[in-house]
Amino acid sequence: MKVLALLHTENNMLPRAALETISVARSLGGELTVAIFGGSAATAANKLAGCGAAKFLVVEGEAFLQPRYSTDTAAATALIKAANPELILAPNTSRFARALPGVAQRVGAQVDTHIVGITAEGNSVKVQRWFYRQRILTTFARVARPWLLLVDGGIQAPYEGAAGTVAAEAVAVTQVDSRTTVNGVQAPAADAQTIRPDAQLLFVAGAGWTKKQKDGQYHIGEASTLIQGFLQKAKASLGSSKSLVDLKSEGQETLSFMSHMNQIGQTGSTPRHQKGLSTCCHGEEPHAVGWRFISERRAINIDANCGWAQGKADVVYIGDAFEIVSKINVLLG
Amino acid sequence: MSNGFQIVVCGSLVPDPLQTLEPVTTPQGPGLKNETMLPSVLDPWSAHALFEAANLAKQVAGSKVWLVSLGPKAKLQQLMMTVAQKVPFELIAIDGNASGFTDAQQVATALADAILAIPGLDKSKLLVFGGCASASRDASVTMQSVCERLGISEFFAGVDEIKASADGSFRVLERIEGGQYLDSTCAGAPAVLAWATGNLPEPPNNPQVGMMNMRGVMPALQKAKPAAVGVGGIAYEKVEIPAQKRATRVVKDVTADDIAKEIIEWLKA
Ligand SMILES: Cc1cc2nc3c(=O)[nH]c(=O)nc-3n(C[C@H](O)[C@H](O)[C@H](O)COP(=O)(O)OP(=O)(O)OC[C@H]3O[C@@H](n4cnc5c(N)ncnc54)[C@H](O)[C@@H]3O)c2cc1C
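Line by line, the protein sequences give chains X and B. Quick note, the first sequence lines up with residues 1 to 333 if you use the working numbering. Quick note, the second sequence lines up with residues 1001 to 1269 if you use the working numbering.
I should point out that these hints are in silico values taken from the structure, not numbers from a laboratory. One or more of the hints may lead you astray.
[What the hints assert, rightly or not] Mimicking DSS-like on lysine-lysine, the simulated pairs with C-alpha atoms at most 27 Å apart in a straight line are: (1) B:Lys1268 / B:Lys1225; (2) B:Lys1252 / X:Lys233; (3) B:Lys1268 / X:Lys327; (4) B:Lys1058 / B:Lys1086; (5) B:Lys1058 / X:Lys233; (6) B:Lys1064 / B:Lys1225; (7) B:Lys1245 / B:Lys1268; (8) X:Lys212 / X:Lys327; (9) X:Lys248 / X:Lys235; (10) B:Lys1058 / X:Lys248; (11) B:Lys1261 / X:Lys126; (12) B:Lys1058 / X:Lys214; (13) B:Lys1268 / B:Lys1252; (14) B:Lys1268 / X:Lys235; (15) X:Lys275 / B:Lys1064; (16) X:Lys275 / X:Lys211; (17) X:Lys214 / B:Lys1252; (18) B:Lys1252 / X:Lys275; (19) B:Lys1261 / X:Lys275; (20) X:Lys81 / X:Lys55; (21) X:Lys327 / B:Lys1238; (22) X:Lys275 / B:Lys1268.
[As the list claims (entries may be wrong)] Over 12 Å on every C-beta distance to chain B, these chain X residues come out as not near it, computed from the model: (23) Ala172; (24) Gly216; (25) Asp246; (26) Ala321.
[What the hints assert, rightly or not] Residues on chain X that point at chain B, a partial pick, calculated with CB under 8 Å: (27) Thr113; (28) Ile115; (29) Gly117; (30) Tyr132; (31) Arg179; (32) Ile302; (33) Lys327.
From the three backbone atoms N, C-alpha and C, an ideal C-beta is built for every residue, glycine too.
In isolation and in its complexed conformation, chain B is listed as follows (with noise of 0.2 Å):
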């Protein structure tokens, strides 16, 4: 593969999964209490996107790699306190809500808008990840939207592993039902990945590639265009947490036989 691929990963924030989350009515529809304040992280399957992105970018030589970011400033500007320190990453931040109740069709305009005005950008380098689905809106919906805005005929969708070969072309394993995997050879370049845990743990903390990246983030964050991106043609009716709780039974001081029958009976039942 001559002169790498152009790698443009989709991410942005979502709530820490440890915080509780409790709906609450905004103006512009459903949001979560104290939205502004709950501490965000990458959001989980982009992130595996992000460090999948970086590895392949290091074995093709001459690759690049972006990070496209929607998300209300201040917050994608504390998360690339953290973010910044994985890998090698330019930052193309765009200013606008993360909720997860937000139209996935919007959302992927303002990205696909953001992806063609990179400058330089060349289609047929072109690989665009993300995650196959966010923790907040969990559709998977986003990344075939950006997919068909750009053009691209080619897309993979819960993808576990990349394999490039020397020609340009690359092979791909997608998660599919009972825990089975999909085996496709792509040509090569345009192409859309949406990724699910992919094979490479989390990158520790680079205080290096961190100093490198912030240099560009925070430019980034200042050229951070405003995006519309809200509930759409969604008319929320209920948005709830469901009561769930239940009366459990706890079971202590018999012994391991005792328990053994027990949950032989119920497994029979």
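Chain X extracted, bound-state conformation (with noise of 0.2 Å):
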């Protein structure tokens, strides 16, 4: 079977989930073309010298530097062309999840997203992903080729063989006019910057942080430095629930560090971390489908009938979040 591992840099690297891909193309033999596009993916290529890979293509240039759908479909369709692949593994990053699926449709290729496991026995392939938003697990296989697969990063540690020094083969690539133009990358301000996805452990936030407290008052201003102290001494990333996220949309006074963004769940993100730790939260969707890929779980919340959290965390702690979480800052100096 002849598998293309497609690549992207990014800043001029290789990023962790392209590793991750290498990883899981090496696990299924055949005959490995590794094909890298952006910004200088042939030193790039040299990272990859020993893994196996029988051919290297790259494409290089200005027009690559940034993501976006035109320029990425021209490099991803010029190197699969010149690759013929039968099956190719991609990592699905936002610039690939964005731009291959149509590169699918260029090629006459089958494609298929969130890839969280695949075997191969000769040429039959079989593939697991989840369906309605992490609630059903398939697997399945399609004969027709090629085949592309966007595999979802932390399924397979990430490739660390030795560098060296690779001939990789530059590919053409027909000049596109884009009418798009990229300015560039909007990161959060510092005090908003909650997302860490290499973080150990997340914390989701639910709405009960806004919600009157013992004393009949509310009390945002505390959560909002409770929680931002926690993220900060334990470096984890911040996850949310949909009623919390919400209030901000709703013009409702809520945390001013949340957003949208940090939101988990079936209208959210379903975020890869060792440990979660949900707090003042009472929803399925954030203790079902936005921790299906948290190994270790506890939750907090002042409610012992509260049921969600039961049956889907290791430890729920009866207990008001604002006394704990205060006294977890302070033991965490």
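Two chains, two frames, a set of hints: combine them into the complex.
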């Protein structure tokens, strides 16, 4: 089976997701080609010198430095045509998630995304992915080739072989007249930089933080200080329930550093972290769908009858999150 | 921008997220138990796309919004009872399977054909909106396939904001890794935008809008063309809800101090 690992660089380097895709490709056997586009693609190929690929293809150039649909689809299409593979594996980065489904259309490939498992026996390949927002897990195959698979992060450890020098073949891309100019990346303000995909812990805040507390008063300022203090000390990433982030668009006072980007669950994200701690959350969404890829899960809720965390979390602490997080922050120093 | 945009929103129905879903096998492939009876909602991310489309149409004079929806006719009719109350649009209904287990590329063909058949469609004004992923298939494939089938070269994914300028160009913010946005400017239509949540709250029900929309909804449902949408080349081997119940330890009647200490130990382990 001819396998193509299709990758892109990010800030002139291969992102972790690309190295994970190499591990996935190696686990399948077959004849491997590696294709890379973006800034310093040829240098990045050298990092993969020991990965066992029979061939390296690259596309470099000004037009491919920034993620953009028209140029990315052109580069990926040229690379796939040059490699003529049966199976194409690519990391599910935002750049590829945008471009590759369109590329599949151009090269006449079948396409499936969010692949969380893959096995091959000779030419027969089976994959696993979730449907209905991480509720139903499926295993399936396709006979038609080429087949393009966007692989989710975290299913294999990143490839760590020795670097070397490879003779990467430069592939030409027909010039694209793009009507889109990339202005740049907008990073959140320093105090709002709360999404940390590499953090060990996901701290999930629910709407309870903004509800009236024991004394009949709102404590939104205190909630902000406690949560931000915790995130900083524990180096955690921040997730939120929908109810909490919706308060902002409904014009209610809420935590200023929260946005829809933090939302986990059915209409939010399903991040991968080793540990998850939910606080002041009741709903199924944060505890089931949002936590699908969290290995160790704990929850704090003041209400002993709050049912959703039970059966979903390993431990539920019945207590006041304000008090508990404040003590934790002191202990974390 | 003279004469405004033609904004076509692709959005269909998904089971209400609060429903319990159980997979079953049908002659057409995998499905959900009691699928025809399950209450549905407009797919959440396409719902955001629809609200953003209506908002953009309000800002850019001369714009018009269509909603292209592929689903079983009877269910679409039910769905319209609520959706039609929200914002003004003209419905284009396609009668077909809305299951998440269908192949995205087949769905895209049906949607693109329906868009191309819109009377008076002017591609130079066309903005196609949709959700960045469905709550059923959750693949993020359909909108790119529609884009390619329409021969449109500009596509944006995970969009949270569009700002149109007087010259017809627009600025788009797309979600990327780590809570960041990719900020781009597109010289103008045509383009396809797959929306994330955007920035607008769900509009309240407006009976006047509802009455206006419903005039077009019934004829659109009657005209709905059937689309042969199925699992395509996917050979499903297993479709299951993995057992996921954890033996939860409930810690109560313990002081906040002790809970804090236990959590710290766990964090450091
Ligand atoms: C189409 C659709 C899509 C949806 N998608 C999502 C999604 O992606 N993500 C999502 O999260 N939800 C989603 N939901 C909403 C979901 O069903 C729930 O309504 C929501 O998750 C509840 O949020 P919550 O737990 O923060 O708030 P609440 O239900 O208000 O719970 C607050 C909790 O805080 C606790 N509490 C209050 N004070 C304290 C304290 N001092 N200490 C400890 N605990 C305290 C209370 O006991 C309560 O349990 C969706 C709904 C729909 C209809």
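Worksheet item: Can you list which hints this structure breaks, lowest number first?
Response: Of the numbered hints given earlier, those the structure breaks are 1, 5, 11, 12, 15, 21, 25, 26, 28, 29 and 32, listed in rising order.
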